[in-house]
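Q: Sequence:
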Amino acid sequence: MNSEQPLSDEYLNAFVDGELSPLERAQAIERISGDALLKKQVCELNMLKEMVKSSYRSPDSAMRDLRAGRRRTSLRYGLAACCLVVLGVSAGWLSRGLIAVEDPDLRVANLKDVIADSDRVVLHLDTASPVRFERALDRTERLLVEAQSEGRTIQLHLAANSHGVDLFRTSTSPFAGRIHDLQARYPNLTFIACGQTIRRLQVSKQDTRLLPEVRVVPAVFDEVVNSLKTGWTYIKV
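The numbering of the sequence shown is this note's numbering, which starts it at 1 and goes up by one.
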């Protein structure tokens, strides 16, 4: 990393996600600790991640609510500074001056009044495991089948980032045939891969070819946050 080169949004996301190498992370910490704007950006990214985590539905309870047609508040916007302090302590950032908790002007999305829509669902996968892959596809299909049997049309996104993208890569996916079949049967289903993850794989010279049913977005994390802002129900699988 060039010390004079601005840190991109992609690089900061990788830093917050813990996806940088030890050397890159040390360099990033040095840059961020001396830049108030970068500190603020890192705080915002961490807060958004906490907001997504706080909207987490356990798959079983979420599916029960969806079957019952319930709607619920997606997030309760709490004490941003407290969340950031906890994050900072756990990451060892406070001692490095990375958390600017005194700044009240954190430009984070306020989702406390957003009502989750049971007919718009985003399932999020970030782990590489055949068992997790199969579970994600099982839950995807179950939601679609149940909605169809009840005469409801739902929009469903299965979004993958980090190691979860392996589900969608031609060289690593054990379920290419099933994904093709699901897409053929359910045009209201969208498979989404994270462009940031793809670019990091390209840098490491890995095969990044994706199944033809998969759409790439710049960042799955941003996609999830935007979905939450507009009332989608979020389920981590």
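The set of hints was computed from the structure by calculation and includes no laboratory data. Incorrect hints may appear among the rest.
Here are the simulated DSS-like cross-link-like pairs (lysine-lysine), alpha carbons at most 30 angstroms apart as the crow flies [unchecked claim]:
{"hint": "1", "residue 1": "Lys236", "residue 2": "Lys40"}
{"hint": "2", "residue 1": "Lys39", "residue 2": "Lys229"}
{"hint": "3", "residue 1": "Lys40", "residue 2": "Lys229"}
{"hint": "4", "residue 1": "Lys229", "residue 2": "Lys205"}
{"hint": "5", "residue 1": "Lys39", "residue 2": "Lys236"}
Q: For each hint, tell me whether it holds in the structure or not.
A: Hint-by-hint comparison with the structure:
1. Lys236 <-> Lys40: Roughly 27 angstroms separates the two Cα atoms, so the pair holds.
2. Lys39 <-> Lys229: 24 angstroms, holds
3. Lys40 <-> Lys229: 21 angstroms, holds
4. Lys229 <-> Lys205: Outside the cut-off at roughly 35 angstroms; violated.
5. Lys39 <-> Lys236: 28 angstroms, holds
In terms of the numbered hints stated before, the structure departs from hint 4 and from no other.
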